[in-house]
Amino acid sequence: MPPRLLALLFALLTALALTAAPSPAQEAPTPEAPSSDRSATGGAQTLQDILARQAQQKIDDSFRSDALGNPDAAAPITDPLGTLGGVSDAELWRALRYDRADITTQARGPAAQVLMQDGGMTWLNVRAQDLRFYGGWLLVGMLGILALFYLLRGRIMIDGPKTGQTILRFSAIERFAHWMLGGSFIVLAITGLALLFGRVALIPLIGHEAFAPIAIAGKWAHNNLAWPFMLALIMVTVFWIAHNIPNKHDLKWIAVGGGLFSKGVHPPAKKFNAGQKLIFWSVVVLGVSISVSGVALLFPFELHLFAPTFAKLNALGLPQALGFDPLPTVLAPHEEMQLSQLWHAIIAFVFMAVIIGHIYIGSVGMEGAFDAMGSGQVEVQWAKEHHGLWYEEVTGQKAHGDRNGTPAE
Amino acid sequence: MKSMFMAFLATIVLAVVADFGLDQIGFSAAERTISPENVRLDE
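Those sequence lines, one after another, are chains B and V. Quick note on the working numbering: the first sequence kicks off at 20 and runs consecutively. Quick note on the working numbering: the second sequence kicks off at 61 and runs consecutively.
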């Protein structure tokens, strides 16, 4: 089957799937429950409270969270009808749930004394529904767009006659850093997706017994490949940051869409064009963000990133300006971990979408592009067309290309 | 292509070193929660 036909098929299937896919249940704004008269129950919850909860109405549950017993007012156990501490079982469980119980645990690990955490259910639901749904479709949508682009534009070829000569585009150490970053990223992405989608996609397919070793190996790889990823991220940042400072040529590149949509258009570009700069800065910003949140997950409960960040955002007035309530600034250790996990996954999906585009244009999407990171040597005509100013800097010769547009890699 | 394969090899080596190193310095999430040192047996 010809590649273009395959691309058309894939693009059509993606479009069909995107339009037909059900979205996760959208929650309507939670209505407030009317205040309840609890005198008949001595302050305990009423049938009205239970019905309101079943109707998913918002309830002021301070009548429960504050009803934790009163040991000071309790009769001593030596007295008639005395109690052991003046706290009933129900009151003790409530205290545990609202993290207000004075408890001692045998485990000394971090946050070991938080036995119940309501927010965990919110995290579980977001992870199991929204994250999988929107993240999954972001990746499928990106693949569909690329298939459509390939269908419409085809492979971007070298326009001029090939010279048969090559020029060194990236040194060995640059390629080494790139592939360490790329290799670790691909494994991190695949193992991360396997951990997130394993329960819904892999277990029904291969069964629990086969999935278990995959999950264990995936977790090991995901945890430990984080280090070469971070090292390589530092390396490429140091190597290429100076080349990725925006300049006036980027505006010309953007003005003609980088030549992505028309043949024979090659605007001037230095070592990196505007599209590549966009990829570079995406990798740096997303890479740092995913690394910091990843380290917070690697060392549980050691880093508290979100409470201080929320406090700063509140001080800036950002949530309020967008019409939201101020963000919570007191977070349980588990909440910090849950937010780190969600943030890590959201960034990962955006990162993967960007890198899928990068892989496409650096391989099947453009003739000669892979050589830059493969052997390091690129065809001279390719260099003249796509990086004319860089070619002139390196060789001292004029790049006789038509400077109207060149795509990113 | 040699750089690419060298990078992949270095990636694996670094991952193994990281795993071994973190274990050696005693920082593993499992140890911090379930190892005998972290269980209060005296109270």
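Calculated directly from the structure, the hints in this document are not laboratory data. Every residue gets a Cβ at the ideal spot worked out from N, C-alpha and C, and that includes glycine. Keep in mind that the hints are not guaranteed to be accurate.
Label pairs and their computed distance ranges (CB to CB) [claimed, not checked]: (1) V:F80 x B:I233: 45 to 53 Å; (2) V:V73 x B:T328: 33 to 41 Å; (3) B:K331 x V:V76: 36 to 44 Å; (4) V:V73 x B:A147: 45 to 53 Å; (5) V:V73 x B:A334: 29 to 37 Å; (6) V:V73 x B:L158: 28 to 36 Å; (7) V:I72 x B:E386: 26 to 34 Å; (8) V:I72 x B:A147: 39 to 47 Å; (9) V:F80 x B:S281: 48 to 56 Å; (10) B:L171 x V:F80: 49 to 57 Å; (11) V:V76 x B:L158: 26 to 34 Å.
Covered by chain V, according to a simulated footprint, are these stretches of chain B (three or more residues, beta-carbon under 8 Å) [claimed, not checked]: (12) 195 to 203; (13) 237 to 250.
List, from low to high, the hint numbers that the structure doesn't satisfy. Those not satisfied are hints 1, 4, 5 and 8.
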